[in-house]
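For the protein sequence lines, the chains are A and B, in the order given.
The first sequence begins at 1001 in our numbering and counts up one residue at a time.
The second sequence begins at 1001 in our numbering and counts up one residue at a time.
If you're looking for bench data, these hints aren't it; they were derived computationally from the structure.
This structure is a prediction, so every number in the text was calculated from the model and none was measured.
Do not take every clue at face value.
Heads up, the list lumps identical chains together, so a pair's fine if it works in one copy or across two of them.
[Stated by the list, open to error] Derived lysine-lysine pairs resembling DSBU-like cross-links, with alpha carbons at most 30 Å apart:
(1) K1194 to K1221
(2) K1239 to K1221
(3) K1104 to K1273
(4) K1239 to K1201
(5) K1194 to K1052
(6) K1104 to K1227
(7) K1104 to K1194
(8) K1201 to K1104
(9) K1273 to K1239
(10) K1052 to K1221
(11) K1052 to K1273
(12) K1227 to K1239
(13) K1227 to K1052
(14) K1273 to K1201
(15) K1201 to K1052
The chain contents come next:
There are 2 protein chains.
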Amino acid sequence: MERIGFIGLGIMGKPMTQNLLRAGHSVVVFNRSPGAIAALVSEGAIALSSPKQVAQHADVVITCLPDSADVEAVVLGDDGVIEGARAGMMVIDMSTIAPTTARKLYDTLSENGIQALDAPVSGGEIGAQQGTLSIMVGGDDAAFQRALPILQAMGSNIVHIGVAGAGQVTKACNQIVVALTVQAVAEALTLAKKSGVDGAKVREALLGGFAQSRVLEVHGKRMLEGKFNPGFTLDLHRKDMNIVLQTGRDVNLPLLGSSQVTSLMNALIAQGKGGLDNAALVSLYEMLGGLDANER
Amino acid sequence: MERIGFIGLGIMGKPMTQNLLRAGHSVVVFNRSPGAIAALVSEGAIALSSPKQVAQHADVVITCLPDSADVEAVVLGDDGVIEGARAGMMVIDMSTIAPTTARKLYDTLSENGIQALDAPVSGGEIGAQQGTLSIMVGGDDAAFQRALPILQAMGSNIVHIGVAGAGQVTKACNQIVVALTVQAVAEALTLAKKSGVDGAKVREALLGGFAQSRVLEVHGKRMLEGKFNPGFTLDLHRKDMNIVLQTGRDVNLPLLGSSQVTSLMNALIAQGKGGLDNAALVSLYEMLGGLDANER
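With these hints in hand, go ahead and build the complete structure from the sequences.
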């Protein structure tokens, strides 16, 4: 079995590492803050002191970090993965970052004989814990085939989309669809409420027809109950929407709906709600419509 | 069994009437144009010459017409249903109209001892043919119970939402969610295409996660294939969005997403595409993004 290095042991990275350990992989880890290190070491992981060291002791290095700049620094920066790497290694970035950064990483790593995949995930903390993440993969087919048994320890819906960057483009598409569907459900349920109509009945009726979606099912319920404990925070979704809008600029495509919903997220974050689940978008509509959230 | 009158024998009304006939109801019909009359008469319907006459020969009158003004004229206007009606009758309006008009009809009919339900549908021509429509009902419970066996001949997902107008509010909510989800999928698939990523793979990956919806499944496929034969036309969806925006104004709720997507529908209709399926929204993004539709 390949020796794995895992860098970035946050809400997603920690349970993903645990699933790799449980699948029998030897795993070396690095994280900027000590947070999850002790728990993972007690399960068999070995803690190292830099991304460079991780690369020196692994065949496949996985990164799972907040944003494009973090991944670029960890992989290509001082004491980074590339400094400890050798030809034949593989780097799998499972963060959500800009497709342009993913392509840059691929180009630089390829020049050094290192395979690279962009493999962002969806499914959240629960999907990470249960090993049922959706994984959207960009990169060469040979690298994908090599990575597949490793990815299968972490996810259940693993699709090889295309060349380098294609995984990140797909994740951007995913975040567009989720954001606009959340807005759709928020707008509809607030209109029902303002019109004196029972939102639970509306949700039930709509789930039986063409308006059906997972967002209506899960977030519709959260909105009706006013339960916005994350979940997936507005802060993180807005970060991903910034990648979406940047990707739109890169190809000169106006993303009218994505621009608007990102503006609404900006407003919620300005109101101190960035740490709430993205279903809290409904609270902005309630505020705009003069509804007291306490009456929900 | 109740004697039924059916007014409005268009794409939806004709197959709905056929299902009532097949369920064993006696049905009298009226339509402004002769179109579907002959076919329905050959299946046992009796053709009459005005909404007033229909009311005189039926216990329950169903209307299925294009817009608010049509229903108001047919029910309350000259030679209308109300002129031939008597106490104890029932009127079920299955058109998609403004909730305010539905409430006005309810009030006027109630004053005359006539039961009234607003019962708009979703599920399209195929749902009408197969008797599997979703039916969203507003009105009194006694009227709903009386109507249920009749509605069951036409639909399979029948929900009593609340008081008069609640069915139409629910239909407005349904059209919001469908419109914004269509926009979401159009924006995502165009971004994929502009980025050189296979939209079919993106759709497949997204269907396995939180971005899943019926719209992504059905309209996503239509967009990828460029097949925009209706379906549900942009003309009709824009008409319904006008009801949505009017309902938002009535309760002073800004419907930011609905306003934007209605503007995009306006643009498509200006380009002569109003007769296409609403999935053709993607063609506006392709045009904006400088993609030749022939390259799809």
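Going through the hints against the structure:
1. Proximity of K1194 and K1221 under a CA criterion of 30 Å is satisfied intra-copy only: 17 Å inside one chain copy versus 35 Å between copies.
2. Taking CA atoms no more than 30 Å apart as the test, K1239 paired with K1221 passes in both settings, with 25 Å inside one copy and 29 Å between copies.
3. With identical chains, the CA atoms of K1104 and K1273 are never at most 30 Å apart, being 34 Å at best within one copy and 41 Å at best between copies.
4. In this homomeric assembly, K1239 and K1201 come within 30 Å of each other (Cα to Cα) only across copies, at 24 Å, whereas the closest approach inside a single copy is 34 Å.
5. In the homo-oligomer, the alpha carbons of K1194 and K1052 never lie at most 30 Å apart, since the shortest distance is 57 Å inside one protomer and 36 Å across protomers.
6. In this assembly of identical chains, K1104 and K1227 lie within 30 Å of each other by CA distance neither inside one copy nor across copies; the values are 40 Å within and 36 Å between.
7. Taking the closest pair of Cα atoms, K1104 and K1194 come within 30 Å of each other only across two copies (19 Å); inside a single copy the shortest separation is 49 Å, beyond that limit.
8. Taking the shortest Cα distances, K1201 and K1104 sit within 30 Å of each other only across copies (23 Å), while inside one copy they are farther apart (49 Å).
9. Taking CA atoms no more than 30 Å apart as the test, K1273 paired with K1239 passes inside one copy only; the shortest distance there is 14 Å, against 36 Å between copies.
10. Taking the shortest alpha-carbon separations for K1052 and K1221, neither the intra-copy value of 45 Å nor the inter-copy value of 45 Å comes in at or below 30 Å.
11. When the C-alpha separation of K1052 and K1273 is checked against a cutoff of 30 Å, the pair qualifies neither within a copy, at 37 Å, nor between copies, at 57 Å.
12. Taking identical chains as interchangeable, the C-alpha atoms of K1227 and K1239 lie at most 30 Å apart only when both belong to the same chain, with a minimum of 22 Å there against 35 Å between chains.
13. Taking CA atoms no more than 30 Å apart as the test, K1227 paired with K1052 passes in neither setting, with 42 Å inside one copy and 52 Å between copies.
14. Proximity of K1273 to K1201 under the C-alpha cut-off of 30 Å is restricted to the intra-copy arrangement: shortest distance 28 Å within a copy versus 34 Å between copies.
15. In this assembly of identical chains, K1201 and K1052 lie within 30 Å of each other by CA distance neither inside one copy nor across copies; the values are 56 Å within and 35 Å between.
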